[in-house]
Amino acid sequence: MHRYRFVLTRPLQFLPVIFGISVITFILVRLIPGDPARNLLGARATPSAIAKIRAQYGLDEAMWQQYFYFVKNLANGEMGKSILYKIDVLKLIATRIEPTIALVLSSVVLSVLIAVPMAALAARNSGKAPDHVVRIVSTFGIGFPPFWLGLMLMILFSVKLDLLPVSGYGETFGDKLVHLVLPSLTVALSLSTVLIRSLRAAMIEALKSDVATAARARGMPERIVFWRHVVPNSLVPTINLLAVNIGWLIGGTVVVESVFALPGMGQLLVRAIFSRDYMVVQGVAMVFACATVLVNFLADVVTVAIDPRVKL
Amino acid sequence: MSASVLSVRDLTVKAHLQGETRTLLQGVSLDLAKGEILGLVGESGSGKSLFCRSLVRLLPSSLLKIEGGTILFEERDLTAVTDAEMLKVRGAEIGMIFQNPTSHLDPVMRIGDQILEGIRYHQGINGRDARAAAIEILAQIGFPEPVRQYDSYPHELSGGMRQRAMIGVALSCNPQILIADEPTTALDVTIQAQILKLLMDIRDRHGLSIILITHDLGVVAQTCDRIAVMRGGRLLEQGLKRTILSAPQDPYTVRLIHSHPSMPDVALPAVSAPAPSRAATRPLLEIDDLHVRYPTGGSLFRGKNARTVGALSGVNLQIMPGETVGIVGESGSGKSTLARALLGLTPISSGHVSFDGIDLFQQRNAGLARLRREAAMVFQDPFNALNPRLTIGQTLAEVLKVQKKIARADIPSRVDELLDLVGLEREFVNRKPRSMSGGQCQRAGIARALAVDPRLIIADECVAALDVTIQAQIIDLFRKLARDLNLTLIFIAHDLAIVRNLCERTVVMYRGEIVEDGRSEDVFSRPKHPYTAALIAAIPDIDPDRQLLGHTDAASLEPIQSFKRMP
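Those protein sequence lines, which keep their order, are chains A and B.
For reference, each letter of the first sequence is one residue, going 1 to 312 in the working numbering.
For reference, each letter of the second sequence is one residue, going 1 to 567 in the working numbering.
There could be a bad hint or two in this list.
Simulated restraints, written as ranges between beta carbons of each label pair [unchecked claim]:
no. : chain 1 : residue 1 : chain 2 : residue 2 : range
1   : A       : Leu-121   : B       : Ala-80    : 49 to 59 Å
2   : A       : Ala-201   : B       : Gln-363   : 49 to 59 Å
3   : B       : Ala-464   : A       : Val-7     : 34 to 44 Å
Hints in this document: simulated from the structure, not taken from any laboratory.
All residues carry an ideal CB built from backbone N, CA and C; glycine is no exception.
Chain A on its own, in the form it takes in the complex (with noise of 0.2 Å):
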């Protein structure tokens, strides 16, 4: 199975990339303008409590000796303490990444769902009133923003039908899911337009293909020339803009965390810039990063599973 030794060496590649991340979140960071001491005291501290709290956390330090030092603890496996929190960066990450992991995983399982039959009834009706139907709502799908098109399901399903939650997150599994339905629908809604789009495009080619072709010249019902030929021939592409998209929607919890007022990574990065925080931003950034760099060697695997012809 030579040709999955990448998933042994392609790991090697990330360490250069995720150094470069955590050069630029830790630069980055720190030239929002605002000090974390005075943001914490509030406006009448005194200049010796604000310098007591700066050298408690290292930032009168010069800022390569800060980041040697968050570099020395990251190969320790920690990340700082918050100056908020007042507890360990892990930590508090850990207690907010279920409810992100939860939303990006049932979004992205929603969106699939919803692409895969909407473009699979536009391709196979190609130029025909279905196709015309997908194709209209899909492309005001891409123009609506997520946060609106949640705060419009919300008014309708929670407010006027009173059938889902308003917000927030529950206590046990089923709760939690019924909690992740609006804010999954929300995400699936818009990341699906681009899936159908896409892969209604990549359908319609493989339609047309020599291999389809030859499926009908043996006989093949159209079912079984769609299934089994058209779509794993289609796949590919729409694999590779899925992994793209996901990793905006990392970043794009933050949005709807915000509307849906989910406790999740979001919503701890919000607060953690508006504290300046730098620890929990550099910390939070340091596992969106790692988290698409993760989603696109998943794709990278994925592609390779489904088109053998693939070598990376």
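Chain A is already provided as a structure; the job is to place chain B on it using the hints.
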């Protein structure tokens, strides 16, 4: 001859474009007997493929409609059956194989599974039995290790094996009739011979009737029982193979047979008689121990010691001024790499190429400048080698402007002169490639090559994409130009018969090496290398009595295997 399995009467297909109706097939009537191989011959656009697709109602566009006629198959009229019934005819009764197995096989499905699909669907066999049947088919179509190769994907196979797989997929549905649409056009001669043998073998074993679509009369002569000739959507004539080939009735068939570049027994007069003083002159092109290697793989961390694949290894060749040299060999043998290396388009790994005494490796810039003023290339695909946005006049003028050999004011008259030279009307100055036929485009391509007033022309498979009658015209043009302009011509082709007809000297390449080099008559009549002998034996001759692979027994072909094209 036994009763016909398929009987087509007055089949007419029309295309309905906006407000315009064009007749693509006009009243074609044809019979196919059981166990017969019928050769359907014609140039591109003659309607031979369309005819076969109409039989199973797989028209390439919804704008095309069968407007009249009957297709009688097993006491049913296939033009009248429902779509659901048609599904049972396709594959299970009438199977098809195509010219390009690479694009017609599913790239993400194992070969065995593609064969399994037809067995399960059409023969209703399932589970272990179906798999055994699939492996049996793989063995029948010549897969040496059917059990292991069941799991191969199409891209892992060579072109010949892919075409075998395609035939296997068609056989899996157990049809009575097999339509083979140019099944060997994309293959090398040696592989073509094997595939044709396989088709005949299958016919004998399964009692199949085969319609073989081809433009190559040699293929027809070697494999078919009867011939039908089509042109412009009409059936011009049909009859027994020997009757048609020896006494063609229609003038087009006569022309087709005469254009076939068959292998004459008597030596043709060479293009230019070898001048006695030639031995004294300096070679125009000298190639000394030329190696070209391509890197394969390699990565960020292993960039330095990346593996390489050898495309040319130790090629030595000297070409005298005025010589006409044919370079033959199958795909992957390095002929095109050699041509590209000669023009400095591919980096040389080691060795020397010198043009008119200037070494292209040591004096690269001077050498290339010289070479590009005095050598020109004619490409395989005439459409894509011409800029679609420029008229032929602009294309030729561009070369003349860059060359600066003649004054700007004289360019239009020189363009006219070039068009005369290649036999194009002067009105082509204002035409663009898209409104020209393949043969006309290739003439324009040759005119562009002649514009630099070259001493050397390298033609890389420049007739491979053309119909036979057009091929013959282009070859005549080259012969005339080489004689009149005293050109040195390097003619690369996989079609040995063409090289035999045109070139006074033939170089045979095999796996990146020159295995034979000599006067064409000698090479073709007394080949020294077994590979050359195998190549020559594999050419389908238009004379049905000169059997395919007649001189050598098929077994001797086996050790010489085709290998996959370089990545």
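Going through the hints against the structure:
1. A:Leu-121 <-> B:Ala-80: 49 to 59 Å: Given a distance of about 32 Å, which is not inside 49 to 59 Å, the answer is violated.
2. A:Ala-201 <-> B:Gln-363: 49 to 59 Å: This hint holds: roughly 51 Å between Cβ atoms.
3. B:Ala-464 <-> A:Val-7: 34 to 44 Å: holds, 43 Å
Hint 1 from the list above is the single one not met by this structure.
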